[in-house]
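Use the sequences and the hints to build the structure in full.
Numbering (this note's numbering), first residue to last: -1 to 601.
In case anyone wonders, no lab produced these hints; they're calculated from the structure. It should be emphasised that the depicted structure is a prediction, and the values quoted were computed from it without experimental measurement. A couple of the hints might just be wrong.
20 Å max Cα-Cα, derived SDA-like pairs, lysine to any residue [as the list claims (entries may be wrong)]:
#1 Lys479 / Arg425
#2 Lys262 / Ala238
#3 Lys180 / Ile68
#4 Lys180 / Tyr84
#5 Lys262 / Leu274
#6 Lys348 / Pro452
#7 Lys180 / Trp75
#8 Lys262 / Leu239
#9 Lys479 / Glu455
#10 Lys180 / Arg458
#11 Lys180 / His82
#12 Lys262 / Ser209
#13 Lys479 / Val468
#14 Lys479 / Asn442
#15 Lys262 / Ser242
#16 Lys348 / Gly549
#17 Lys180 / Trp149
#18 Lys180 / Leu90
#19 Lys180 / Leu85
#20 Lys348 / Thr373
#21 Lys348 / Gln409
#22 Lys180 / Ser209
#23 Lys180 / Leu250
#24 Lys348 / Val414
#25 Lys180 / Leu459
#26 Lys348 / Leu372
#27 Lys180 / Arg163
#28 Lys180 / Leu372
#29 Lys262 / Ile243
#30 Lys180 / Gln152
#31 Lys262 / Ile216
#32 Lys479 / Tyr463
#33 Lys180 / Pro76
#34 Lys180 / Thr167
#35 Lys479 / Gly453
#36 Lys180 / Tyr463
#37 Lys262 / Leu250
#38 Lys262 / Ala203
#39 Lys348 / Asp411
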Amino acid sequence: MNFWFHVVNLGLIISILGFSLNLLIGYTRLISLAHGAFYGVGAYAAAIGALRLGISFPWTILFSIVVASIFATLVAWPALRVRHEYLILLTLAVQFVVTGVLLAWTSVTGGGSGLPGIPRPEAFGRRLVSPPDFTVWLTLAAAASFVIAYWAGQSPFGRVLRAIREDETATLAMGKNLTYHKVAVFTISGALAGVAGSLFAHYQAFVSPRSFDLDESIFLIGVIVVGGAGNLVGTIVGAALLASIPELLRLLDLGRETVGVAQKFLFGSLLVAFMLFRPEGIVPEGFRFGRTRRREARAVGGALAPEAVDATLADDTDDDAAATRALERMEERLADSADQPQALVRDPDKPGILQADGITKHFGGVTAAEDLSLTLSPDRVTALVGPNGAGKTTVFNLLTGFIPPDAGTVQVDGQVLDGLAPWQRARMGVVRTFQDVRLFQQVNVIDNVLVAMPGQEGERLSMLYSRPGVVRRQERDNVDKALSYLEFVGLRDRAYEPTAALAFGEQKLVSLARLAASEADVMLLDEPASGVDRQWVRAILRFIERVSQEGKTICVVEHNLDVVRAIADHVYFMELGRIIAEGPPDELMSDERLAGIYFGGAE
-1 MNFWFHVVNL GLIISILGFS LNLLIGYTRL ISLAHGAFYG VGAYAAAIGA LRLGISFPWT
59 ILFSIVVASI FATLVAWPAL RVRHEYLILL TLAVQFVVTG VLLAWTSVTG GGSGLPGIPR
119 PEAFGRRLVS PPDFTVWLTL AAAASFVIAY WAGQSPFGRV LRAIREDETA TLAMGKNLTY
179 HKVAVFTISG ALAGVAGSLF AHYQAFVSPR SFDLDESIFL IGVIVVGGAG NLVGTIVGAA
239 LLASIPELLR LLDLGRETVG VAQKFLFGSL LVAFMLFRPE GIVPEGFRFG RTRRREARAV
299 GGALAPEAVD ATLADDTDDD AAATRALERM EERLADSADQ PQALVRDPDK PGILQADGIT
359 KHFGGVTAAE DLSLTLSPDR VTALVGPNGA GKTTVFNLLT GFIPPDAGTV QVDGQVLDGL
419 APWQRARMGV VRTFQDVRLF QQVNVIDNVL VAMPGQEGER LSMLYSRPGV VRRQERDNVD
479 KALSYLEFVG LRDRAYEPTA ALAFGEQKLV SLARLAASEA DVMLLDEPAS GVDRQWVRAI
539 LRFIERVSQE GKTICVVEHN LDVVRAIADH VYFMELGRII AEGPPDELMS DERLAGIYFG
599 GAE
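Laid out in structure tokens, this is it:
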């Protein structure tokens, strides 16, 4: 019987580790091969704290949490400078360094011999010795860790993590501080690894470097892959399955060497099989037991009646019909001028004037912008036009901080934006869309809108865990706001659909709803009407018209001159990074010289 309790206990400890790693890999797509090192730092902190510093249980758990979280935070800072395969190499190096230190620092860590004799914990005056003694307490610890990780993953903080995973550029454009969120997720991941390490040290009463080497890091990645990335329930399933394999193999009495070979073969085979045939894992992201899309829609304020869901699924295959319905719903909403999302109305205390003076940018010998000056104001819709390669999108990148200028300044309402990162400029009220939409495809439509909302308390870990009630109440209010933005563009009934399932025209409207949700005063729209048919263009133009009427500052880059004539009050004409003319659209488009430049411009 003790054997099976032992298997369960190991599964619980591995589950805690899996929760912490899933926040990195599943929610943020930060692939780390150093999690065995985080685990080891937590375990050795507990061991050294108990044996050398006289710290008693359960204070050793707190000590492990502090040490492991600090270590993980220190690892996060250099990790911010690298991406993808370079992050894997960096964390691999961290893993090797920690293993080397544990082996070499014999006076503190015991070297290869490890640290034996770690005191067994006591609970209610009873010393925990046998596996059954630990099971209840390990279950409670795993449950608490699950709640902590789940609350982080399903909160506004977790929503930003998923946005980072999907598209870092778009996340920056929505005013999110990537540095804070990446460091914070490393910190909370390290803290949970510290919990697991401390419990493991007291459970085994012995630690050695072999328990926390690269094999352990790879094993933990296997738990995430098999169970399901981005779903903590899947982590429990993966931990239960993979933790039981080595223990069950020992029952076969095959010999230590044979068991080791068989274990590696089974692990490798499982990983290959899942990567080939079920890469989403046993319990994929978004799967919820006993919850359907219809029930989820009703759970947050009746976004959609059941019959409306069925009708939408039945007839949304016709793209033209979907565009017509979206436009009709938008017109119905616009008919009541008092019933607009409040954030669409410009703050009267903010003029919403953006000025660029003498902006210059060179890429090697190529001039992308040269002594460029323009003014965007809320009393008109401004358009940037010109042949391909004129530098229109580059101007947007310069205004929003994605490209630093070589010279010149950008101001909003007299406040200089020079040197500010894109997320800081977004918080100053300058946001943009992208020609290729750049929505977060693997999350729901409503989450794409919610992630853009400023001032969300739940995006900060300090508020997330200290004032959960405030976070929940604000989230309910924000969901209602997000639904109103989607209703404004005629897509409320698609709120809980995966974004990837929407037609391209619908995705354009979602990007506009996301733009509106940012509550910014200056909105830069890059090719809003490109790639969609006439019906979707009508809906997009209606949105621009209405937002401009509410006092927002709008600038549009657009190749379709009919669209420019329909919405623009003032046009800047660009060629080779310079503004060579400006004025009303009809005046510029009747200029034969400009027409020759525009239609004769090279790709």
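Results for each hint:
Note on Lys479 and Arg425: the hinted pairing holds, with a Cα-Cα distance of about 18 Å set against a maximum of 20 Å. Taken as a hint, the Lys262 and Ala238 pair is honoured in the structure, with Cα atoms around 17 Å apart against an allowance of 20 Å. Only pairs whose Cα atoms come within 20 Å are accepted, and Lys180 paired with Ile68 is accepted, the gap being roughly 14 Å. Distance restraint check for Lys180 and Tyr84: the Cα-Cα separation of roughly 16 Å lies within the 20 Å cut-off, and the hinted pair is therefore satisfied.
Distance check on the hinted pair: Lys262 and Leu274 sit about 18 Å apart at the alpha-carbon level, within 20 Å; holds. The straight-line distance between the Cα atoms of Lys348 and Pro452 is roughly 17 Å, inside the 20 Å bound, and the hint therefore holds. Simply put, Lys180 and Trp75 have alpha-carbon atoms about 9 Å apart, close enough for the 20 Å limit, and the pair holds. With a CA separation close to 14 Å, the supplied pair Lys262 and Leu239 stays within the 20 Å bound.
Distance check on the hinted pair: Lys479 and Glu455 sit about 16 Å apart at the alpha-carbon level, within 20 Å; holds. A threshold of 20 Å between alpha carbons decides the hint, and for Lys180 with Arg458 the separation of about 12 Å falls inside it, so the pair holds. A C-alpha spacing of about 14 Å is found between Lys180 and His82, which places the hinted pair at or below 20 Å, so the restraint holds. Simply put, Lys262 and Ser209 have alpha-carbon atoms about 15 Å apart, close enough for the 20 Å limit, and the pair holds.
The suggested pairing of Lys479 with Val468 holds, with an alpha-carbon distance near 17 Å, which does not exceed 20 Å. At most 20 Å may separate the alpha-carbon atoms for a hinted pair to count; Lys479 and Asn442 meet this at roughly 15 Å. The suggested pairing of Lys262 with Ser242 holds, with an alpha-carbon distance near 13 Å, which does not exceed 20 Å. A distance of roughly 10 Å separates the Cα atoms of Lys348 and Gly549; the hinted pair therefore holds under the 20 Å criterion.
Of the supplied pair hints, the one linking Lys180 and Trp149 holds, its CA atoms being roughly 17 Å apart against a limit of 20 Å. A distance of roughly 18 Å separates the Cα atoms of Lys180 and Leu90; the hinted pair therefore holds under the 20 Å criterion. Proposed proximity of Lys180 and Leu85 is supported: the alpha carbons are some 12 Å apart, at most 20 Å. Of the supplied pair hints, the one linking Lys348 and Thr373 holds, its CA atoms being roughly 15 Å apart against a limit of 20 Å.
For the suggested pair Lys348 and Gln409, the alpha carbons sit about 13 Å apart, so the restraint of at most 20 Å is met. Taking the CA atoms of Lys180 and Ser209, the gap is near 27 Å; set against the 20 Å cutoff, the hint is violated. Restraint check: the Cα-Cα separation between Lys180 and Leu250 comes to about 44 Å, which exceeds 20 Å; the hinted pair is violated. At most 20 Å may separate the alpha-carbon atoms for a hinted pair to count; Lys348 and Val414 meet this at roughly 15 Å.
For a cut-off of 20 Å, the pair hint linking Lys180 to Leu459 stands: about 12 Å separates their Cα positions. Restraint check for Lys348 and Leu372: satisfied, since their Cα atoms lie roughly 19 Å apart, inside the 20 Å limit. Simply put, Lys180 and Arg163 have alpha-carbon atoms about 11 Å apart, close enough for the 20 Å limit, and the pair holds. For a cut-off of 20 Å, the pair hint linking Lys180 to Leu372 is broken: about 36 Å separates their Cα positions.
Among the hinted pairs, Lys262 with Ile243 is consistent with the structure: their alpha-carbon atoms are about 10 Å apart, no more than 20 Å. A distance of roughly 16 Å separates the Cα atoms of Lys180 and Gln152; the hinted pair therefore holds under the 20 Å criterion. As the CA atoms of Lys262 and Ile216 are separated by approximately 11 Å, the hinted pair is consistent with the 20 Å bound. Distance restraint check for Lys479 and Tyr463: the Cα-Cα separation of roughly 24 Å exceeds the 20 Å cut-off, and the hinted pair is therefore not satisfied.
A C-alpha spacing of about 11 Å is found between Lys180 and Pro76, which places the hinted pair at or below 20 Å, so the restraint holds. A threshold of 20 Å between alpha carbons decides the hint, and for Lys180 with Thr167 the separation of about 14 Å falls inside it, so the pair holds. Taken as a hint, the Lys479 and Gly453 pair is honoured in the structure, with Cα atoms around 13 Å apart against an allowance of 20 Å. As the CA atoms of Lys180 and Tyr463 are separated by approximately 18 Å, the hinted pair is consistent with the 20 Å bound.
Distance hint between Lys262 and Leu250 is fulfilled; the C-alpha atoms sit about 16 Å from each other, no more than 20 Å. For the proposed pair Lys262 and Ala203, the alpha carbon gap of about 26 Å is over 20 Å, so the pair is violated. Proximity of Lys348 to Asp411 is assessed by CA-CA distance (about 7 Å); at most 20 Å being required, the pair is judged to hold.
Figure legend: structure checked against the earlier numbered hints; hints not met, in rising order: 22, 23, 28, 32, 38.
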